[in-house]
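**Q** These are the residues of each chain, in order.
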Amino acid sequence: MRKPDLSVDLNGLKLHNPITVASGTFGFGREYSEYVDLNNIGAIMVKGLTLAPKLGNDSPRVAETAMGMLNSVGLQNPGVEYFLKNDLPWLGEFNTKVIANINGTNIEEYCRIAELTSVKGVHSLELNISCPNVKAGGLAFGTDPDMVYRVVKEVREATGHHLIVKLSPNVKDIKDIALAAEAGGADCLSMINTLTGMVIDIDSRKPILARGIGGLSGPAVKPVAVRMVYEAASVVGIPIIGMGGIANYRDAVEFLLAGAGAISIGTSNFVNPKVTEEVLNDLENWMMKNGYNSIDELVGKLDFPKANAGSCTFEVPK
Amino acid sequence: MKQLFNCEVVSKTFLNEDVYTLKLKRPQQMGDIRPSQFFNLHTKAMPYLKRPISISNFDEETFDFTIIIKGEGTKILSEVKAGDLVEVQGPLGNTYSIDPEHKKVLVIGGGIGVPPQAVLSEALKRDTDAHITVQLGFRNEAYLVERFDGVADVLQIASENVDYDHKGYVTDLTAKALEENDFDMVYVCGPHILIEKVAKMCMTKNVPVQLLMEERMACGIGACMVCTCKVKDDTMPEGYWNKRVCKDGPVFWGSEVLFDA
Numbered sequence: 382m383r384k385p386d387l388s389v390d391l392n393g394l395k396l397h398n399p400i401t402v403a404s405g406t407f408g409f410g411r412e413y414s415e416y417v418d419l420n421n422i423g424a425i426m427v428k429g430l431t432l433a434p435k436l437g438n439d440s441p442r443v444a445e446t447a448m449g450m451l452n453s454v455g456l457q458n459p460g461v462e463y464f465l466k467n468d469l470p471w472l473g474e475f476n477t478k479v480i481a482n483i484n485g486t487n488i489e490e491y492c493r494i495a496e497l498t499s500v501k502g503v504h505s506l507e508l509n510i511s512c513p514n515v516k517a518g519g520l521a522f523g524t525d526p527d528m529v530y531r532v533v534k535e536v537r538e539a540t541g542h543h544l545i546v547k548l549s550p551n552v553k554d555i556k557d558i559a560l561a562a563e564a565g566g567a568d569c570l571s572m573i574n575t576l577t578g579m580v581i582d583i584d585s586r587k588p589i590l591a592r593g594i595g596g597l598s599g600p601a602v603k604p605v606a607v608r609m610v611y612e613a614a615s616v617v618g619i620p621i622i623g624m625g626g627i628a629n630y631r632d633a634v635e636f637l638l639a640g641a642g643a644i645s646i647g648t649s650n651f652v653n654p655k656v657t658e659e660v661l662n663d664l665e666n667w668m669m670k671n672g673y674n675s676i677d678e679l680v681g682k683l684d685f686p687k688a689n690a691g692s693c694t695f696e697v698p699k
Numbered sequence: 039m040k041q042l043f044n045c046e047v048v049s050k051t052f053l054n055e056d057v058y059t060l061k062l063k064r065p066q067q068m069g070d071i072r073p074s075q076f077f078n079l080h081t082k083a084m085p086y087l088k089r090p091i092s093i094s095n096f097d098e099e100t101f102d103f104t105i106i107i108k109g110e111g112t113k114i115l116s117e118v119k120a121g122d123l124v125e126v127q128g129p130l131g132n133t134y135s136i137d138p139e140h141k142k143v144l145v146i147g148g149g150i151g152v153p154p155q156a157v158l159s160e161a162l163k164r165d166t167d168a169h170i171t172v173q174l175g176f177r178n179e180a181y182l183v184e185r186f187d188g189v190a191d192v193l194q195i196a197s198e199n200v201d202y203d204h205k206g207y208v209t210d211l212t213a214k215a216l217e218e219n220d221f222d223m224v225y226v227c228g229p230h231i232l233i234e235k236v237a238k239m240c241m242t243k244n245v246p247v248q249l250l251m252e253e254r255m256a257c258g259i260g261a262c263m264v265c266t267c268k269v270k271d272d273t274m275p276e277g278y279w280n281k282r283v284c285k286d287g288p289v290f291w292g293s294e295v296l297f298d299a
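Protein chains in written order, with the numbering used here: chain A, 382 to 699; chain B, 39 to 299.
No lab work stands behind these hints, which were simulated from the structure alone. Predicted, not measured: the structure shown is a model, and the values here were computed from it. All C-beta atoms in this analysis are idealised placements derived from N, C-alpha and C, irrespective of residue type, glycine included. Some hints could be false.
Stated by the list, open to error - 25 angstroms max Cα-Cα, derived BS3-like pairs, lysine-lysine:
| # | chain 1 | residue 1 | chain 2 | residue 2 |
| --- | --- | --- | --- | --- |
| 1 | B | K270 | A | K435 |
| 2 | A | K655 | B | K63 |
| 3 | B | K281 | A | K466 |
| 4 | B | K285 | A | K655 |
| 5 | A | K435 | B | K281 |
To be verified - Here chain A is said to cover these stretches of chain B; the calculated rule only asks that three of the stretch's residues, wherever they fall, bring their Cβ under 8 angstroms from a Cβ of chain A:
| # | stretch |
| --- | --- |
| 6 | 39-48 |
| 7 | 55-62 |
| 8 | 77-91 |
| 9 | 275-286 |
Said to hold, decoys possible - Distance windows between CB atoms, simulated:
| # | chain 1 | residue 1 | chain 2 | residue 2 | range |
| --- | --- | --- | --- | --- | --- |
| 10 | B | D137 | A | E538 | 55 to 61 angstroms |
| 11 | A | V605 | B | T273 | 52 to 58 angstroms |
| 12 | A | P470 | B | K119 | 47 to 53 angstroms |
Full structure from sequences and hints, please.
**A** As structure tokens, then:
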């Protein structure tokens, strides 16, 4: 049997395989390099970057739930300058694409970080307008189609780099948000970020997270994510990186069939630090066994009419 | 490349109703294990996330975890039987600093913080000539006492509900010991409130203290940033940085941790 072609082209961002790792779940790659060969990963979305180093939220920052977890990290990171100086050169030693996940508290800040990270060695920027764990920026930008359009458009004007926009599931209609991001100039979408959730300790009658509410991830969110990728893919013309609870090759194939051009593994890394390599190997074997020659033969090939996906209300600005 | 291991359960022994020791077969490929290190344990029947558990004993053939049933995960883990497999990731985390020059050391363990102090006390006995005082605190019945009996020069036990050397908190014993002795080093592990109290007492008396911190974890290897400890950092506007308990710790120096920020 011939090996399938696993390479994907996400509107100019070429990956040697469709397996990527979700921002915030893989650090800057160093910790997992002790468990997997980073050369086997198509792209690494690095830990969310802010202009200045950010402390993040108080502890506890994690609460377990059925087949998943809530986090309230609040974007703790050493800042974009530190990343560019200390982590980017190290990541450049591997045959994997580097995607800088960028976070601002206002549009100017998003643009500034986009400019700073539009450098050699960073292959794409992932605009995070969907973090539920920060007071300013984040989700506030990602839930209103007009605001999504504005922030994406301004960042688009600030950089010529490949631009991914990470969407929140905490919205009324994901199609409107996806269309707005595309209209603003996104080259690609990544979805979904975490769903907002809460876990309460019944003995103390207090929320487990110090901040009360956090972001739900893990296999528990997968059906929501698959649905949203399907809905977004039915209305936009740009590729989507699908993520949300992927733990094995079957989950990955679901996302590809729903319309994702690549997939991202997040929380499952915590449970199985070798999951990326396992999904890659199992996906390749499954494709060979079932006669698929390329990833393209799977993307959006769901046997279900797209017309059933419903209508949307966002009008692309002239 | 670091390995994940499926380790066979050699035995499981309940020390009391809520505390049990799991003895696992130690894989040959596993690296050295040092005092204060922990492992991520998981079985298919357990909830989603792995459970970080400190090592409580080891030799060439086996390694042990003494675990308190605190929730669903540790309860399900208590149901494994000899011959079952437990998924093990580790050893993880940094280690206690042990100085062979030390002449007098104080080891404090409270509740879930008792098991790792047994490994530490044995290492201190083996690697130093120090006079070792051990103070253990329990809510009810004491456990693992026999491990400390053989290595401690002075062993004191406090329990909130059972009569041992002191009925009450172990920190009552610590306050007295710090008044009466000049320790070269103090090592403490246990609930957050115990660690904070001991750290503050030691700082007041200018006695160096190492804290083995416990925090809710997800990845256990330093990638997810959910387990943090506030550590002084003058380069930050807030005066501290959130270090990772799993990777930068779990051992921190009392002088570097900020409890009131």
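**Q** Decide if the proposed pair is consistent with the structure: K285 of chain B and K655 of chain A, CA atoms, cutoff 25 angstroms inclusive.
**A** holds, 18 angstroms
**Q** Within 25 angstroms, alpha carbon to alpha carbon, are K281 of chain B and K466 of chain A?
**A** holds, 20 angstroms
**Q** For the hint 52 to 58 angstroms, verify it against the beta carbon of V605 of chain A and that of T273 of chain B.
**A** violated, 41 angstroms
**Q** Counting residues of the stretch 55-62 of chain B with a beta carbon closer than 8 angstroms to any beta carbon of chain A, are there 3 or more?
**A** violated (count 0)
**Q** Between the stretch 39-48 of chain B and chain A, are there enough contacts, at least three residues with CB-CB distance under 8 angstroms, for the coverage claim to hold?
**A** holds (count 3)
**Q** Under a C-beta cut-off of less than 8 angstroms, do 3 or more residues of the stretch 77-91 of chain B approach chain A closely enough to confirm the stated coverage?
**A** holds (count 5)
**Q** Check the hint pairing K270 of chain B with K435 of chain A against an upper bound of 25 angstroms on the C-alpha distance.
**A** holds, 15 angstroms
**Q** Go ahead and decide if the range 55 to 61 angstroms is satisfied by the Cβ distance of D137 of chain B to E538 of chain A.
**A** Since the Cβ atoms of D137 of chain B and E538 of chain A sit about 59 angstroms apart, the hinted range of 55 to 61 angstroms holds.
**Q** Given the hint of 47 to 53 angstroms, is the C-beta distance from P470 of chain A to K119 of chain B inside that range or not?
**A** The hint (47 to 53 angstroms, Cβ to Cβ) holds, given that P470 of chain A and K119 of chain B are roughly 50 angstroms apart.
**Q** So is the stretch 275-286 of chain B in contact with chain A by the C-beta rule, three or more residues under 8 angstroms, or is the coverage claim wrong?
**A** Contact hint for the stretch 275-286 of chain B vs chain A: holds, 5 residues under 8 angstroms.
**Q** Given the proposed pairing of K655 of chain A with K63 of chain B, does the C-alpha separation stay at or below 25 angstroms?
**A** holds, 22 angstroms
**Q** Within 25 angstroms, alpha carbon to alpha carbon, are K435 of chain A and K281 of chain B?
**A** Answer holds: K435 of chain A to K281 of chain B is near 12 angstroms, not above 25 angstroms.
Of the numbered hints listed earlier, those contradicted by the structure are 7, 11.
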